[in-house]
Amino acid sequence: MAGTIIENLSGRKLTVLVTFLLLCQVICFLIGGLVAPVPANAQNILGTICKDTSIMKNDTTKWYYYRGAGKCEKIDLDSIHHDVSERDIVFAFQMPVPRESQAYDYSRWQQNLIGVLQVDIRYHSQMEMTSRSAITIDARLAYRNKGDPDDAWKLYTQSTETRVLDCDIDIKSENYLYNCSAVPLFELGSLYHDYYLLNLRLPVDTPDMNAHIGHIQDLWVTVINQNGGFTKVWLSLKTVFFPCIIAILVWFWRRIHILERKPVLLEKMLLSLGIALCFLNAPIEYLTLQYDLPFMLLLGDIRQGIFYAMLFSFWLVFAGEHMLIQDTSAQSSLKQYWRHLSAVAMGCISLFIFDMCERGVQLRNPFYSIWVTDLGTNLALTFIILAGISTGVYFLFLCYMVWQVFLNISQRRQSLPSMSSVRRLRYEGIIYRFMFMMLATLLCAALTVIGFILGQVAEGQWKWDEDIELEYTSAFFTGVYGMWNIYIFSLLVLYAPSHKQWPANENTSDTQNLSEEHEFSPLPSERSEISSLTSFIRKTTID
Amino acid sequence: MFKSSVFTLLIYFTVSILALKNVEGSRPVLEKTVEALFADRSEVIHPATCKVFTSSTRQSKMCKREPGLPNILVKAKQQAIKACEETFQYDRWNCSLVFNKKPKRSIFKKIYRETAFIHSLVAASITHAVAKGCASGELSRCSCIGSFRNASNVQMRGGCGDDFKFGKRFAKNFLEWKTAGNDQIADALKQDVNIGIDSIGEQLKEVCKCHGFSGSCTTKTCWKRLGPFNSAMGLLKKHYHHAVKKKLVNFTSKRAVTVKVKRKLKMDLKNLVYFQKTPNLCVSTKGRVCKDKHNCATLCCGRGFVVTQKTVASRCRCKMVNCCVVKCDTCVEEVDVYTCK
Numbered sequence: 001m002a003g004t005i006i007e008n009l010s011g012r013k014l015t016v017l018v019t020f021l022l023l024c025q026v027i028c029f030l031i032g033g034l035v036a037p038v039p040a041n042a043q044n045i046l047g048t049i050c051k052d053t054s055i056m057k058n059d060t061t062k063w064y065y066y067r068g069a070g071k072c073e074k075i076d077l078d079s080i081h082h083d084v085s086e087r088d089i090v091f092a093f094q095m096p097v098p099r100e101s102q103a104y105d106y107s108r109w110q111q112n113l114i115g116v117l118q119v120d121i122r123y124h125s126q127m128e129m130t131s132r133s134a135i136t137i138d139a140r141l142a143y144r145n146k147g148d149p150d151d152a153w154k155l156y157t158q159s160t161e162t163r164v165l166d167c168d169i170d171i172k173s174e175n176y177l178y179n180c181s182a183v184p185l186f187e188l189g190s191l192y193h194d195y196y197l198l199n200l201r202l203p204v205d206t207p208d209m210n211a212h213i214g215h216i217q218d219l220w221v222t223v224i225n226q227n228g229g230f231t232k233v234w235l236s237l238k239t240v241f242f243p244c245i246i247a248i249l250v251w252f253w254r255r256i257h258i259l260e261r262k263p264v265l266l267e268k269m270l271l272s273l274g275i276a277l278c279f280l281n282a283p284i285e286y287l288t289l290q291y292d293l294p295f296m297l298l299l300g301d302i303r304q305g306i307f308y309a310m311l312f313s314f315w316l317v318f319a320g321e322h323m324l325i326q327d328t329s330a331q332s333s334l335k336q337y338w339r340h341l342s343a344v345a346m347g348c349i350s351l352f353i354f355d356m357c358e359r360g361v362q363l364r365n366p367f368y369s370i371w372v373t374d375l376g377t378n379l380a381l382t383f384i385i386l387a388g389i390s391t392g393v394y395f396l397f398l399c400y401m402v403w404q405v406f407l408n409i410s411q412r413r414q415s416l417p418s419m420s421s422v423r424r425l426r427y428e429g430i431i432y433r434f435m436f437m438m439l440a441t442l443l444c445a446a447l448t449v450i451g452f453i454l455g456q457v458a459e460g461q462w463k464w465d466e467d468i469e470l471e472y473t474s475a476f477f478t479g480v481y482g483m484w485n486i487y488i489f490s491l492l493v494l495y496a497p498s499h500k501q502w503p504a505n506e507n508t509s510d511t512q513n514l515s516e517e518h519e520f521s522p523l524p525s526e527r528s529e530i531s532s533l534t535s536f537i538r539k540t541t542i543d
Numbered sequence: 001m002f003k004s005s006v007f008t009l010l011i012y013f014t015v016s017i018l019a020l021k022n023v024e025g026s027r028p029v030l031e032k033t034v035e036a037l038f039a040d041r042s043e044v045i046h047p048a049t050c051k052v053f054t055s056s057t058r059q060s061k062m063c064k065r066e067p068g069l070p071n072i073l074v075k076a077k078q079q080a081i082k083a084c085e086e087t088f089q090y091d092r093w094n095c096s097l098v099f100n101k102k103p104k105r106s107i108f109k110k111i112y113r114e115t116a117f118i119h120s121l122v123a124a125s126i127t128h129a130v131a132k133g134c135a136s137g138e139l140s141r142c143s144c145i146g147s148f149r150n151a152s153n154v155q156m157r158g159g160c161g162d163d164f165k166f167g168k169r170f171a172k173n174f175l176e177w178k179t180a181g182n183d184q185i186a187d188a189l190k191q192d193v194n195i196g197i198d199s200i201g202e203q204l205k206e207v208c209k210c211h212g213f214s215g216s217c218t219t220k221t222c223w224k225r226l227g228p229f230n231s232a233m234g235l236l237k238k239h240y241h242h243a244v245k246k247k248l249v250n251f252t253s254k255r256a257v258t259v260k261v262k263r264k265l266k267m268d269l270k271n272l273v274y275f276q277k278t279p280n281l282c283v284s285t286k287g288r289v290c291k292d293k294h295n296c297a298t299l300c301c302g303r304g305f306v307v308t309q310k311t312v313a314s315r316c317r318c319k320m321v322n323c324c325v326v327k328c329d330t331c332v333e334e335v336d337v338y339t340c341k
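Taken in order, these protein sequences are the chains called A and B. Quick note on numbering: the first sequence equals residues 1 to 543 in the UniProt record's numbering. Quick note on numbering: the second sequence equals residues 1 to 341 in the UniProt record's numbering.
Everything labelled a hint here was simulated from the structure, so no lab data went into it. Where hints are given, some of them may not hold.
Below, computed lysine-lysine pairings styled on DSBU-like, alpha-carbon distance capped at 30 Å [claimed, not checked]:
1. 110(B) x 74(A)
2. 238(A) x 209(B)
3. 310(B) x 172(A)
4. 110(B) x 205(B)
5. 172(A) x 238(B)
6. 245(B) x 104(B)
Okay, the calculated beta carbon distance ranges per label pair [said to hold, decoys possible]:
7. 241(B) x 131(A): 28 to 38 Å
8. 456(A) x 39(B): 45 to 55 Å
9. 213(B) x 389(A): 16 to 26 Å
Note that this is a predicted model, so its numbers are computed, not measured. Even for Gly, the Cβ is constructed at its ideal location relative to N, Cα and C.
Extracted from the complex, chain A is given alone in its bound form (with noise of 0.2 Å):
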């Protein structure tokens, strides 16, 4: 009867691959240590306002910039003279800002732009602010690409938008600043363009509006993005991981077809992790260097939600295939994991609706966001909470699947000693495997969580040496992606079936076992060649 390859795998080579494994694993956390910088970098602008002197204020083929020619015209807010009036005044970001005396501009490397709004408001005592203020903002965005004229910048997007401040201050004296809360500003999934401009406006359309905000005194723009040098090493990592999992998908997929037998749910479950491993491994990245493709976000949270949802239901599936099934005849399905998998269902379903709703909205509105309104933030806490329940319910179930097994593998060993020898030493074999297995699951989720933790706890950059940095956060994340498709490979390579033939277990039975192997026979033989610890389950199920 063959088995699954763990099952067959002889102690030393299990050795020489879990070693190879750990190496591959160590050489990706490096990858991510030494050759990758931050993921992500932060560039604070602050904000030059500028006199709008168009006529037309809502014109958006007029853009004030402070770069290059035909910059505008600076105005100093404490020295404002009255014939300015709101509608004049424009603070312009003009993206990126200069450094080391090049005017460099966005790499399509980098991926993706994200903006947050800091406001500086002076504390007046006859103006107080009150806390929680809507400010409204009249935000425009531009671009322009290299080799255009210094003023062709071109509408990318544009929208008023409201934004509540949540300020307070310590020392109520005059011109102090109130320490205000960041806001989300835009997000852009896509760096496609070379400039950014960015004009916001303080409209006052009706009397109430930005009334409350006090005393305005400066507006920082945030911007975030993915540093080139990491998209670059993680484009590679999936460059290199995405043929490495199709081909042992092929394998893994060929060598169940050369068995007489269909493909059972475990398999058939694997092949649907590697799938989805694969369409997250795919570097569809770099088509992002030569097309607009703003959907990229939102894409790439799909991937990740679709690859979690497929470990997640395979983790249940596996726990329990391995556990005493009530139904022993019928060959087992989908179906028998119907409850279990709705809680999985559930959890994603929430996740993308809420993804859409805010990342799916973001493409036709870049400055919107789901957590300004009231009605907004309540709808998507409703789904974050629902995914959080979903969550719990799915690990509940998972332990409890988990604990069963264990409590049937120790009830199991315990019948071990009145069985043969050899049979006896092959079952301790396939325990001890299996064992193995799960504590692999298990370090693979610790480490993830752990890592993620430490990430949290200590930023940004370790030293080991005086010559050895270590970047910690790029490290985490390619380690992490390394593990779980490490992880993912190992399963395929182990779980796939095995060609080796057992010796027939009827030769090696003595005479001791004759009522074992009575008890064999009324077994289904189109299940000779499923893994024999599932057989050795079931066979025992029948005692």
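Chain A is already provided as a structure; the job is to place chain B on it using the hints.
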């Protein structure tokens, strides 16, 4: 005979002129710059490259390379003077350049408590103004400190966000901190400058944004936000009050230093250091206006005060008429004015 005596005289003169120049030139750029920036309250544009003051060769080079720098220096100077005058409005020393209105008693002649404070104030102001100039794009040479990966260009490596670090390095470079000397006075002033710069650093606030999977915190980016100069000023005033007086060890050769003194100086790096006791300023507070009765007690040095009634027009019922402009009504009210006797 006559010829040779003229020659000797000539030599004597040249040597003495050279020596004088040498003495003048030996004063570190750090001290000169701080004094020039703080003492000059006029808006005169100097012919030198840096425009606000007559700069050293190295400073001129920096100003030439960075066209936006003179403008930033003007801002730094105005910011420092304004903050100083505002904060010390009701103190015995009201940020004046001389003590007790005597032109000969300049605060820059010796290292008084005030001199130490001004060094830290100017350094802080330059740091703040430069960091702001980097953020607004006025300065274009701001470098990417904090990135240790030497990728070929900025786009690939990142780590260009920390403008304070650049401002700190720039301020030290500009004040020629490293070449300010090794004697006791130089060491003290260097420490004062450091404290000023660090007071800006202490005002930095970390702000984070999550932008990971579905906007969760799997990826989080944090940056430092520059605090307002006023709060740094509050901190510096505390330093002013807690400044430590040190003894100049050798009065005959003022700038000589021993290892022992150096060790003593190193022991206390958290406080401003000065050498000369400030003269009694009570003489000059006559006629000064104080904030309230409590303040008068210290400001008037126990001589008492006169209360006069005065009608003052002040701003009130302020409204934000435009987005960023405060429009106020003018209210006339009677206020008590306390004046020192």
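Consistency of the hints with the structure:
1. 110(B) x 74(A): violated, 42 Å
2. 238(A) x 209(B): holds, 26 Å
3. 310(B) x 172(A): holds, 26 Å
4. 110(B) x 205(B): Measuring from Cα to Cα gives roughly 36 Å; hence the hint is violated.
5. 172(A) x 238(B): Holds, because 18 Å separates the two Cα atoms, which is no more than 30 Å.
6. 245(B) x 104(B): holds, 23 Å
7. 241(B) x 131(A): 28 to 38 Å: holds, 33 Å
8. 456(A) x 39(B): 45 to 55 Å: holds, 50 Å
9. 213(B) x 389(A): 16 to 26 Å: holds, 19 Å
The structure is inconsistent with the numbered hints 1, 4, although it conforms to all the rest.
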